[in-house]
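Here the structure of chain G is known, so what remains is to put chain W in place on it, guided by the hints.
Protein chains: 2
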Amino acid sequence: MICGKTIDEFLSEIMRFHGFKAPGIVLGGIMVDYCQELIGAGVEADAIVESIHCLPDAVQLFTPCTVGNGWLKVLDWDKYALSLYNRKTVLGFRIWVDTEKTKSYPDLYNWYMRLVPKKELSSERVINAIFTAERNVLSYQAIQITQHSDRHKKGETGICSSCGEAYSLKQGTSCLSCQGHCYYIKNPN
Amino acid sequence: MICGKTIDEFLSEIMRFHGFKAPGIVLGGIMVDYCQELIGAGVEADAIVESIHCLPDAVQLFTPCTVGNGWLKVLDWDKYALSLYNRKTVLGFRIWVDTEKTKSYPDLYNWYMRLVPKKELSSERVINAIFTAERNVLSYQAIQITQHSDRHKKGETGICSSCGEAYSLKQGTSCLSCQGHCYYIKNPN
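Going down the list, the sequences are from chains G and W. To convert, note that position 11 of the first sequence is 11 in the working numbering; the numbers rise steadily by one, no gaps. To convert, note that position 76 of the second sequence is 76 in the working numbering; the numbers rise steadily by one, no gaps.
Next up, chain G with everything else stripped away, as it sits in the complex (with noise of 0.2 Å):
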């Protein structure tokens, strides 16, 4: 069992939500698994990942935590490690994949440093050498949160002077977007 699931239900939720079936999604999934489990049943946790590939969706699956709803925050640092707090006293866990204990499964470690190029390495071996590893490539160490746990707060609502649509005041007399950060233009088609 895995976060509470059979291996099947476990993997067949994994290609639903994200599409394929990726190694770092199940080995995603083993370190919530984990990290749930050192911090306890009936704790209303958090979370924080470190990574923007795979690790959010890992949390968004297998715990309450969503981008959406604010109990997730993602950190691109490209780190593949992530932690669940409790929400109230901002104690918790971090978990991480640990390099080191990664040199024992050689299709593991090779995935994880980028050493092979995919067409060399399947994603089923890979998820075979995760399975095979499980708990034994992770560390942990019990935290305190100092950062990032505030939730984000809606600020005051207003109508762009520039554009016209609702945007947040805090962000000035115009909205980000027509500050420049605009992604897009008319279809010139």
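These aren't lab readings, by the way, just hints derived from the structure by calculation. Just to be clear, a hint being listed does not mean it is correct.
Said to hold, decoys possible - As a list, the in silico DSS-like pairs of lysine-lysine whose alpha-carbon atoms are at most 25 Å apart:
no., chain 1, residue 1, chain 2, residue 2
1, G, K154, W, K21
2, W, K88, G, K119
3, W, K154, G, K118
4, W, K170, W, K154
5, G, K21, W, K153
6, G, K101, W, K186
7, W, K103, W, K21
8, G, K170, W, K119
9, G, K101, W, K154
10, W, K21, G, K153
11, W, K119, G, K88
12, G, K154, G, K88
Source: prediction; values computed, not measured.
Here is chain W on its own, set in the frame of chain G:
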């Protein structure tokens, strides 16, 4: 039907994933449904949302795009707008809640502009107004994406000289956490 689901299925998927029946995701689902119709069936679409609140979950629930698979980008602009675009041509549609149009639906307008405290305006009333309004409060534009359409590439992996964990070498000689962004301390207890 919304996003190919009955209203009951639609609402129960929201409950299961997001944890509660947030009006923002109900509205977001209607936006996704409309945008998918505009872009057309069979188009492999990537997504951009312009708020961290609720909208990311609507896209993750009702399209194949997630944060962890990289097909969804989340901008923290506090604007209730989203874009779906063909990932090859980068042509697509942006859809947003049009404040002027919401004025015909007072409960929706008051909720959207945050004019009435949550205690005085129940989620049920707002959701009823959203279902009454449906697409009548939305506007859209055909767009071409000029930013954020690139997939995030994983960089070369190395070992941080400070903490010994794996990280992306493009961050420098130590990882971002060791460069002063760390969000935790060891549990002092």
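Here is what the structure says about each hint:
For the given pair, K154 of chain G sits about 18 Å from K21 of chain W by alpha-carbon distance, which is consistent with the 25 Å threshold. A C-alpha spacing of about 23 Å is found between K88 of chain W and K119 of chain G, which places the hinted pair at or below 25 Å, so the restraint holds. With a CA separation close to 12 Å, the supplied pair K154 of chain W and K118 of chain G stays within the 25 Å bound. Between K170 of chain W and K154 of chain W, the direct Cα distance comes to roughly 10 Å. Compliance with the 25 Å bound is thereby established for this hinted pair.
Taken as a hint, the K21 of chain G and K153 of chain W pair is honoured in the structure, with Cα atoms around 19 Å apart against an allowance of 25 Å. For the proposed pair K101 of chain G and K186 of chain W, the alpha carbon gap of about 22 Å is at most 25 Å, so the pair holds. At most 25 Å may separate the alpha-carbon atoms for a hinted pair to count; K103 of chain W and K21 of chain W meet this at roughly 23 Å. For the hint linking K170 of chain G to K119 of chain W, the alpha-carbon distance of about 24 Å falls within 25 Å, and the restraint holds.
At roughly 22 Å between alpha-carbon atoms, K101 of chain G and K154 of chain W fall within 25 Å of each other, so this suggested pair holds. Between K21 of chain W and K153 of chain G, the direct Cα distance comes to roughly 19 Å. Compliance with the 25 Å bound is thereby established for this hinted pair. Among the hinted pairs, K119 of chain W with K88 of chain G is consistent with the structure: their alpha-carbon atoms are about 23 Å apart, no more than 25 Å. Pair hint K154 of chain G plus K88 of chain G holds up; C-alpha atoms about 20 Å apart against a cutoff of 25 Å.
In this structure, every one of the numbered hints holds.
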